[in-house]
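Peer 1: Take the sequences, apply the hints, and build the full model.
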Amino acid sequence: MADKITSDDILRIIKDMCDTLEQEKEYLSELDGAIGDGDHGVNMAKCFRDIRKQLPNYENKDIGTILKSVGMIVLNSVGGAMGALYGTMFLRLAQEATGKEELKLSDLVKMFEAAEKGVREIGKAEVGDKTMLDTLAPAVASLEEAEQNGKPLADALADFEVAARKGMESTRDLVAKVGRSSRLGTRTLGHQDAGATSCYFILRAFSRVVRSEQTK
Amino acid sequence: MADKITSDDILRIIKDMCDTLEQEKEYLSELDGAIGDGDHGVNMAKCFRDIRKQLPNYENKDIGTILKSVGMIVLNSVGGAMGALYGTMFLRLAQEATGKEELKLSDLVKMFEAAEKGVREIGKAEVGDKTMLDTLAPAVASLEEAEQNGKPLADALADFEVAARKGMESTRDLVAKVGRSSRLGTRTLGHQDAGATSCYFILRAFSRVVRSEQTK
Amino acid sequence: MKKFINDPFDVVDEMLEGFLAVHSRYVRKMESVRAVVRTDAPVQGKVGIVTGGGSGHKPAFIGFIGKGMLDAVAVGEIFTSPPPNAILEAAKAVNSGRGVLFLLGNYAGDVMNFQLAAEMARAEGIPVEQAIATDDIASAPKERINNRRGVVGEFLIWKTVGAKAESGGTLEECKAVAEKVNQNTRTLGVASAPCTVPAKGSPTFVLADDEIEYGVGHHGEPGTARIKMVPADQIAERMTLEIIEDLPFKPGDEVAVLINGLGATPALELYIVYRRVKQVLNAENIHIARSYVGEFFTALEMAGFSITLTRLDSEIISLLDAPADTPYYRL
Amino acid sequence: MKKFINDPFDVVDEMLEGFLAVHSRYVRKMESVRAVVRTDAPVQGKVGIVTGGGSGHKPAFIGFIGKGMLDAVAVGEIFTSPPPNAILEAAKAVNSGRGVLFLLGNYAGDVMNFQLAAEMARAEGIPVEQAIATDDIASAPKERINNRRGVVGEFLIWKTVGAKAESGGTLEECKAVAEKVNQNTRTLGVASAPCTVPAKGSPTFVLADDEIEYGVGHHGEPGTARIKMVPADQIAERMTLEIIEDLPFKPGDEVAVLINGLGATPALELYIVYRRVKQVLNAENIHIARSYVGEFFTALEMAGFSITLTRLDSEIISLLDAPADTPYYRL
Ligand SMILES: Nc1ncnc2c1ncn2[C@@H]1O[C@H](COP(=O)(O)OP(=O)(O)O)[C@@H](O)[C@H]1O
Ligand SMILES: Nc1ncnc2c1ncn2[C@@H]1O[C@H](COP(=O)(O)OP(=O)(O)O)[C@@H](O)[C@H]1O
Ligand SMILES: [Mg+2]
Ligand SMILES: [Mg+2]
Ligand SMILES: [Mg+2]
Ligand SMILES: [Mg+2]
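Residue numbers (the working numbering), protein chains in the order written: chain G, 4 to 219; chain P, 4 to 219; chain Y, 7 to 337; chain Z, 7 to 337.
Just so you know, the hints here were simulated from the structure itself, not pulled from any lab data.
Interface residues of chain Z toward chain Y, partial, derived using beta-carbon atoms under 8 Å:
(1) V17
(2) P272
(3) E307
Computed cross-link-like contacts, DMTMM-like style, restricted to lysine to aspartate or glutamate with a CA-CA straight-line distance of at most 20 Å:
(4) Y:K73 x Y:D327
(5) P:K7 x P:D110
(6) P:K28 x Z:D13
(7) P:K49 x P:E29
(8) Y:K284 x Z:D13
(9) Y:K206 x G:E33
(10) G:K169 x G:D132
(11) Z:K8 x Y:E243
(12) G:K120 x G:E148
(13) Z:K284 x Y:D16
(14) P:K120 x Z:E125
(15) Y:K206 x G:E27
(16) Y:K206 x G:E25
(17) G:K113 x G:D6
(18) Y:K256 x Y:E321
(19) G:K49 x Y:D13
(20) Z:K206 x P:E27
(21) Y:K8 x Z:D216
(22) Y:K284 x Z:D16
Stretch by stretch, here's where chain P covers chain Z in the computed footprint (C-beta under 8 Å, at least three residues):
(23) 82 to 95
(24) 111 to 118
(25) 202 to 214
(26) 223 to 237
Please read these numbers as outputs of a predicted model, since none were measured by experiment.
We put the CB at the ideal spot given by N, CA and C, even for glycine.
Peer 2: Encoded structure:
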C-alpha cells in the first residue's frame, strides 16, 4: 500500500524531522548567523524537542490530530517569524487532513497547497524573497504536476524532494527581501537561506520515510 | 638686591609657573596616566590658566595678597586632591607673607615651613609615600640648612631646586602609599610621581627667576 | 562574548525569575506561558493594554507594566517575537470586557504572531484592536512610512495610551491615541558599538574605531550610513534637523524630546546630546514642553542613543503627565 | 575613545546644562559655583543633606536631589572631587539653621575638600557634621575598615538619611542613621570591561577577553583578583558568600539587596545575578526584605555590577520606604 501515507508513516515522518533538526542544529544556526541572528538552528531544535516529547501521545491518533498538535507546538514554543510560519504550515496541513487515517497523493497535494497558501498569507513573502517559501513553493508545484501526470506517490515525493532541494539551493543567489536578513540587502548574496534549508529538511522527511517504506 | 625677593619677582615666579605647567601639561598627564588617572597635567594647566588671567590684577599688590589670590584659585578651580593640597600650600605661603613687599631668605624659610606643615596636615602623607611631599619636604629642609649656614638667597634657592629635583626623582623608587595611585601598590615602582614632578616645577620657579635676576 | 549569564538559552527565563521576585508588588507571571501581567489584572471597567516583543530591551517592555501604563506583556526570546499563545493568554488575563488593545513595533515576527493571537482572541469573543508603532525614520523612506520600524517612540505610546485606558477610555479611543501619538512621533538613532545576542555569541555588526552607524535600529539593524565619529554637537544637530524635516515639525510647534540611551552610553553623554538638541529646537522656534532623558528602550549593551520628537497637543500632554506607577516609571 | 561628547574638558559643564534644563522642576544650579541644589532649598526646619564627588556616576549624585533624599550636590570633574567652595556654597544654600550633614565616599580628594569646606562653613557659623561611606569590602581588609571606599552603598545612605532629615531628624540623628546604615552595608563589585575618562582618553584598565576584575572600584580601581570569566551563578555566589562573611550576615537577618549596574551591563544580566543572590541568601536563611536592581551609581561605560547587602532593622526599613521625589528615584 505504497500509494498511501498512514498515521504510522506520519509518526515516522515527524520523528525523522525531530532527528534531522537536532542533527542539523549547528548547520542551520551557522547559515542564519551569516545573514541573520544565528538562532535558527536553535529555534528549530528547541521546538522539535518539544514535539519529540509528544510522540508517545500520537500513537493511534488520526493524521489531522497529530499534525494539529505538531502545529500548535511549533506555533507556540519558540516564537519569532518561524514559529508563526511553520506553525501555520503544519496547522494548514492538519486542517486538510482532519479525521484522516491515511493520505492519497491527492490529499497530500491539497494539504500542501493549503500550507503554502497559509505561509504566503501570514508571511506576505513572494517566491524569490529568499525565504522558506523558495523551498516550499516549487516543491508543492512539483507535487501538483506529479499528480496530474498520474505518478505514483513515491515518485511524486521523489520529485517533491528534488524540487525542494533545488528551491533551497536557489536562495544562495537571491537577495533577501523579507525577514531579519533583508536588512543586509545584497550582502545576503552567496549565502543559502536558513529557513529555506530547514524547510527542505522538513519536506524531505515525507519522501525519505515513504520511500524507505518502498524498499522494505 | 639679590638678597631679597620683591613683589615683581613673585609675579615673574607665578608667570614662570604658568608657562612651565602649560609646557609640561602632556608630560605630567603622562606620568599620572602611568599610575593614576592621567589628568594631573590637565588639572595643573587648567588652574594655572585661571591664575594667568589674574596676573594683570597682581601689579602693585603685596606678596601676601598675590599668593593668597593664587592659593584661592588653586584651591577652587580644579578640585581633586591637588586642589586641596596645592591650594593649602599657596595659602600658607601667603599667610606668612601677609602685607610684605619683599622677602628675605628667613621669610622664605618661614613661609615654606608653614606650607609643608599645611600640606602634611591636610594630606596626612609622610615623606616616602610617593607624593608631592617627597619633593617639598627635602626642598624646605635644604632651605633651612642654607639659612643656618648663612648662604645668600640665590645659593640657598639653588640648593632648594637641587633638593626638590632629587626628591622628585626619589619617587621613582617608591611605592605609592596614598592617593589614587596607591591602589596599584608595587606596580607604582619605577614610575616618577606626577604630583612630585609638578611640585618640582613650582618650586623651581622660585630659584629660576631669582637666579636669572642675578645674571642680569 | 563576556556576559554575566549562564546558559545563553536560559537568559530570558532566568531574567524573568529575578525580575518577578524583585517587582512582585507590580507584576506576576502567567502560569502556562511567558506573559507578565499586572498583579491587579484584569482591572474592572478598563481597556486592557497589551504589548510584547523580544527581550533585551530593558526597561522595555516589562519594566512599564503597572497603573497608568501596560497591563500585560508577552515576553519573547532575545530580539525574537513572543508566540501567539503568550499574547493570547495576556489578552485573556487583562480583558475586563471592554476589550484589549495590542501595541506592537513593526517587526515581521511581531506582526505575524500578534495577528494570529488577535484572530484567536476574537474567536474567543474578546474585542481586540491593534496599533503598530513606526517612529524610526531611518528604517524606511517617508513614502513607505508603513514599513518603518517602531522603536522607543513606543514608550510615549504606552504612557499616553495607558493613561487613556486608566481614565476610562474606550478601545477605539485608546487606539486613536496610539495612532495620533505615533503619527506625531519621529525617532532617529545612532550606534557607536554593537551588542551581542547571547545565542549568537558574536556582535550584531562591526564598526571601525572612528565609525558610527547612523540610523541604527533597536536590534542593530543597519542604518542609512556609516559615518566618521564627530563631536556630539554635530551628530545631535544633524539628527535633530533630519527629524524635524521628516514630520515636518514647524516653528511654534510644542514638542516632547526623548533622548534614549541604547545601553552602554553613559547618561553624561545623553545630557550633552540633549543640550544640543535643545539649542537646535530653540533656533527653529520649536518649543520643548516635556523632556525625557535616560534609558527607556535599550538593545542589550549596544552603545549609542536615539533622539525622539513628538508633536504635542493638550490631550497628549495631559496623558504624558497623568500618574503612572510601574517598576521603571513613576509619575 | 569613541564618545558622544565635544571638548573632553567641557563634558561636566555641558552635561550639567542639559541636566538642569531637563530637571528644572527639581534642581537649580548655584550662580557662582558648580553645585546643584533643590529648587526649594533651604527647606525650613530641615537638616540640609549635602554630598558630592566626581562626575560620571549617573544617576548618582545629582539624580537623587529632591524631597526625601539630597538637598545639594557639589559637582566635580569626572572622577575628581569638587573644590571646597562648591561644597561650602552648597552647605550655605541648604542650611535652614538646623545644620548641614556632609555625606561622602572615602576618597582622598573628597575627604580633603569636604574637610576644608567644613572648616569654612563652621567659620561662618553653620553647624556641620560629616559621615563617610566605607561599604566596598574589596578596597581594604576588615582590619583597616576605615580605609575602605564608599561605593553604591551611598545610595542607601542618601535614601535613609534623606528620609530622616525630611521627617525632622536632628543633625546628630541624621548622622547616626548614616553611620548605622554604613556599618550594616557591604558591597562587592566586578568589571568585565573598563571605562575611559574623557580627559585621559584611554581605558582605566585592560582585561583579556576571558578575564574579569574581581573587587573593582567605582572608578576602575583594581580589585582583589583577576579571574577567568565564569557563569553568572558562580560569580554571584562567590561574591554573595564573601559579603555575608565580611559583616557577617547571620541566619535570620533581614536584608536589603542592591544589584547595581556599573554602566554597560544590561539589566537582563543584573536580574540573572539577582536570581542567584536570592538563591544563596535563601540557602543561608537570610531574609530579603527589600530589593533594588538597576543603575544607581555607575562608572561611565564600565561593564560590570556590584552586589550590596544591608542588614535591616525596623527604622532602616521605614526610612527606605519613606516617600522620595527626585529625578531618578521616586517612591
Ligand atoms: N515573511 C516571511 N515569510 C517566509 N519566511 C520568512 C519570512 N520572514 C523570515 N522568514 C524565514 O525565517 C528565517 C529566519 O528564521 P529564524 O532565524 O528562526 O527567525 P528570526 O529571523 O526571528 O531569528 C529566514 O531564513 C527566512 O527563511
Ligand atoms: N594625601 C596626599 N598628600 C600629598 N599628595 C598627594 C596626596 N594624595 C595625592 N597626592 C598627589 O596628588 C597627585 C595626583 O594629583 P591629581 O592627578 O591632580 O589628582 P587625582 O589623583 O585626584 O587625579 C599624586 O601624584 C600625588 O603626588
Ligand atoms: Mg534567526
Ligand atoms: Mg590624576
Ligand atoms: Mg531570532
Ligand atoms: Mg583626577
